Structures are given as C-alpha cells and as structure tokens.
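Chemist: Chain order of the listed sequences is A and B.
Just so you know, numbering that gives the first Met the number 0 puts the end of the first sequence at 346, numbered straight through with nothing missing.
Just so you know, numbering that gives the first Met the number 0 puts the end of the second sequence at 346, numbered straight through with nothing missing.
Simulated from the structure, these hints should not be mistaken for lab results.
Honestly, I wouldn't trust all of these hints.
Copies of the same chain look alike in the list, so a pair counts if it works inside one copy or between any two.
Claimed, not checked - In silico DSSO-like pairs for lysine-lysine, Cα to Cα no more than 30 angstroms straight-line:
{"no.": "1", "residue 1": "162", "residue 2": "23"}
{"no.": "2", "residue 1": "23", "residue 2": "152"}
{"no.": "3", "residue 1": "46", "residue 2": "154"}
{"no.": "4", "residue 1": "46", "residue 2": "122"}
Here the structure is a predicted model, which means the values were calculated and not measured.
Protein chains: 2
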Amino acid sequence: MFENKSRTPLSELGEFKLIEHLTKTFTVSDETTVLGVGDDAAVLQLKDEQTVVTNDLLIEGIHFDLTYVPLKHLGYKAVMVNLSDVYAMNAVPKQITVSIAVSNRFPLEALEELYTGIGLACKNYKIDMIGGDTSSSTTGLMISITAIGQAKKEKITYRSGAKPNDLLVMSGDIGGAYMGLQVLEREKAVFKVNPNNQPDLAQYSYCVERQLKPEARKDIIELLAELDITPNAMIDISDGLSSEIFHLCKTSGVGCDIYEEKLPADPQTISIAEEFKINSTTALLNGGEDYELLMAIKTEDYDKIKSHPLLTTIGHFTDQKEVCNMTTGLGQSIKLEAQGWQNFNQE
Amino acid sequence: MFENKSRTPLSELGEFKLIEHLTKTFTVSDETTVLGVGDDAAVLQLKDEQTVVTNDLLIEGIHFDLTYVPLKHLGYKAVMVNLSDVYAMNAVPKQITVSIAVSNRFPLEALEELYTGIGLACKNYKIDMIGGDTSSSTTGLMISITAIGQAKKEKITYRSGAKPNDLLVMSGDIGGAYMGLQVLEREKAVFKVNPNNQPDLAQYSYCVERQLKPEARKDIIELLAELDITPNAMIDISDGLSSEIFHLCKTSGVGCDIYEEKLPADPQTISIAEEFKINSTTALLNGGEDYELLMAIKTEDYDKIKSHPLLTTIGHFTDQKEVCNMTTGLGQSIKLEAQGWQNFNQE
C-alpha cells in the first residue's frame, strides 16, 4: 500500500523525534487547554462543569483492514469513534490524547497520513490534541484515543434515564456503514483475483463513505441545545441499533416498542442490501458503526422534533422491563433479541 | 504460564460480559468521580483546580516479557507508569481508564490476574478506575492507560521551569530496575536450557522488585507539600537519568553539572552490576524504569531538604544551555550525552 511513495524507516527517528515530528503541526486553541504535548502530562483548566472521559481502541485486523482503509480516513474515524461517545453524553468534546503502537513495516509517511486524518478531525470538530504515547509493536497498528469533554451537570444524559412512554428517537439513518463494508470486502476479494481491476465505487459512494469516514453527530447536540431539549437518556449507535436499544432498556429498567417501517435508511443502503441479498431490516437493526445517536425524548418535547429532518421517532419506551418488540410492516409483533437478527430469525 | 490453572476461553463471554466481569469488583470512591464504568463515557465533577492528563501504552514483546513478568505485577506496574507521570506534574492522580487488547491465547483467569494487580494499585493509591475498552488482538497483550489528576495551578511543575543555580535533586535511588531486568533475562536464558532449574532470586530481591513492581512516588509529592516546596521543574525518571536530565535542560534552556559520587544507588544495584561486569555508573545514568522524580529546587529551599533520607542533591543547573557535565570520582569533568553511555564512552 505504500509502494509508490517515499519511505522513511521509523528507526531513523526514534521515539522522541517521532512524536515531535508527528505532532509539530498540532496547536492547541481551546481556552480550557493550558498545555498540550511536551511534558509528563497535559494540563487543563476545565470550566465549572462536569467532565466526561472515554477511551476506545482500534486494532489492525480486528477493527480495520488496511487493504482498503486509507490511513488518513482511519485517523479521522478513530477520532470520530471517541467524539461520538462524548456527544452521546450530551457533552462537548474538547481534548483528545492519541497513542499508537506500530510495527516497523510502516514508514514515517504512513504515520504522517494517519496524523493528517487525526488533524483534520481535530480542526473540523475544534478539538485539541494534547498528548499520547508512541510505541513499537511486534505486529500491525494499534490506536488508543481518550476523549475529554464538558457539559453542565443538568445537561448530561446517561443511558439510565429512559422512562416508560418516552419516545425512542434517532438521528440520521442506519445500516449504511454496514453495507459499505460489504462493498469494500467484495472489492477486496475481486482485487485478490485480479489486481488490475479498477473498482468503480461511484454508485456505492454514500455507504462507502459512511464506513470509511463517518462523522460524529456534533450537529445533533447543537440542535438539542437550540430546541431546548435534554433527552432522558442517550447512547451512540456503534454496535447496531438492536444492541443499543437493549443497552438503553436494560440500564433504564424499561422496555420498548419500535416500528419496522419507521427505521430510517438511505435508498442506497436498501439497494445494496438487495444486491447482496441481505434482508434490509437485518442490516438496519444489526449493522454497526453508524455513529448516530439514539435517545429517549419526553412526550412533551414531541412537537419540537416531529417534523425535523435530522430526527426520526422509531417507537416508544414501555414499562415492560427489557422486553423489546418490533411491529413489522405486515403488522406482526416480534421480539427483538439483544444479539440481533440471527436469534431473532430462529423464533 | 497458565498450565496449572483453570482456563476459561474468552469466547465464552464476549466483549460486554468480559468488561462487566473484570470490572465488577471496582468501586469508585473519590468525591470527584460521578460515574465510572457503564455508560458511553465516565463523568467527573472536578474541583476548581487544574487537571492533568497522561496516557501510556505497554505492549507485549516491547515493554514486557510474560515469561517472567507475572500478570498481577504487570497490571500494578502499568498503573504506576501512568501515576508517575501525574506525580511528575506535582499533581494528585484521581482516576484512570484502562483499555486492553488481548489475543485468544489468554484465558479469562489471566485477565483476572491482570485486573487484580490494577485493582491493588487503585486501592493503594486511592485511584478510581472509571472506564476503558476491551478488544481482541491478533497477537499478544496491549495495555493503554490514561491517568487524570488535579493540582492547584500554582503547584503544577513543568519541565520548563529550571533556572541556573537551582539544585538538581532526585528521590530514591536509581539503576535498580535495570539490574533487576538483567537478572530476570539471565534466569530466562537458564530456564530455556534447563526448565527444571529453580532460580533462587533472594539475593537479588530488591532489584527484581524494582523491575517487576515499582512504586510511583506519591510520598515525595506529599513530602514536598509538607515541606512547602514547589520545585521549579520536575520530571519522572522512566528512560534513564541521563536522558531525563537532558529533557529538563533542553526544555528549560539551561545546562547542569552533576557529581558521579552523589548518584544514589542501592548496594545491591552495585553488586549486581559487578557480577554482570557492567560499569555501575553506566547502569545509574542510563538504566530505565526507576520511576523516581528528578527536580529543580530553588537554593533557598536547600535547608529544608539537605538531610532528608528520601532526597539526594546530585548537582545544580547552570546557564550553559544544554551543556551537561559530570564530575567523576577522580575529579575529571566529562560531558554527558543525551543518548547515554555509549556515545559518552566514545569521547
């Protein structure tokens, strides 16, 4: 993947020089950041709000495949995954630390690509990169990011606050990232057979971009603030809608009814599902990595959100503890299962 | 290494159950921790002080060798490495996040050992474990820890504040962890030849413990507070004394003179160095992983520290930018080099 580019072995730099080189274009600008990279620890002067902290790992061969994931996109996505967790608390992310472990098969130029993506994410979302660690690895690339955000105490939304009759509302659409992955995996298989084949991904561009370069829903947090809505509960949809619904219901001690026909999908997601002969509802319920927000909204806030194009009401919470039902397009009520469609189908 | 113990494959649990299982005995107790594990992010209500944040990676095959490092000790040490960075800012660590990536060669019982060590470190240092991530890896074990601490703004010590004439003072003694590593590496080689050989490490116990189970210098931070001393600069000694002195001098724009005969060493460190035919000054200047604190102390504070058993004055800072000299036992003045003894010897 780096064949046509210049290659500077990492051994030419050493650890101190490497981190210095990769982070030299990063400046800090948020008023809460006192010192970023360059000391034993970063220093923050946080405001009189609550602070949220989250950490995610991305491991080569488990979370990403460098055969078709450009490193710049990977850097961007690694930041998004973490920001999404901060937004899911209804908080504003301010800082990240980025640590990477990398084998010597990566030249310096590859890491520069990765940090370009990280830098772009920081710029777009006004995040300060304040520190981290760089290490060798025996195999592959590993990225560990910690994100720090802030919010007023009364604005923070936990998974545990959903109440019976609250509306189950989500941002954007789902299933796209999963279908994009199917397309990329198919192209990888084709490439193995015929390396001269140039894939034309234009007709799959929406879903491929959902997979490779997702955006965390900063806009939704800002929208909620504008509409003066604090959800009773919120979670980001990283492991599939069905799984996240179960998390909310379990933690809040409630159940829910959702409606198959309300599940928001892009037409391209549906058409790729048809092309791959995957049941589209399967893809919507269980496809991961959409990074949309799923929330419990009080019924009295319904008028504020009902016609908003970024939000869809897909059902409501009930007092039936951990019982999640879906009404199908044919009017049948079926039970959702935490582990998703496979168990679901066996009923 | 897990031959005589019960083995529960990680696949029996799955990611959610695994993190739940490993963290169930962890409770949060610091008044600044609102919520630990269990939501999209942890929530902190930090005091009106500055916050310090640091992250370190520990990678199997790079930072540790499970042939002779017990997992419980590894968990403890992984926490110490991060707390040491927080203490080096003259701050008090309060929370950590712990993320691990682990291959399926590790049974559940191995991870329980690791988390027992992490839990012991949290208990001894009054730290709340507030979150993290668990992932598969394709090979080996990787640990990423982020530590968060707090201090009053005027107490925070950067690397950049050392002034000419400040005293160069360090805690404890050095070189022990490095000599402990030599002993363990030798035992590993012996074990390979004769697996029935039972090593007797009693005579090496101090140095082996320095390597396997270091302690971060919480006591020194408390001592400085008691003595009403705020160092002008501070750094922890993780990569070897010589390297850390250069960091302080470079960042502060000063130089220093140190004295070979002042370098504090345990008698066992010296005797193991002799046994291994390693120049003991080499070991003291360049051996890593001691996790002692190195600081610039104002001359007017000298009376407060001069006879303290935990602190040693090894030299003083000068106005000669980045020029670091050591006066040997024989009265010669030689130049220290950033990369340590090897270049040093070639002069």
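Chemist: All hints, please: hold or fail.
Modeler: Hint check results:
| no. | hint | verdict |
| --- | --- | --- |
| 1 | 162 with 23 | between (48 angstroms within a copy, 26 angstroms between copies) |
| 2 | 23 with 152 | between (35 angstroms within a copy, 26 angstroms between copies) |
| 3 | 46 with 154 | both (15 angstroms within a copy, 19 angstroms between copies) |
| 4 | 46 with 122 | both (21 angstroms within a copy, 29 angstroms between copies) |
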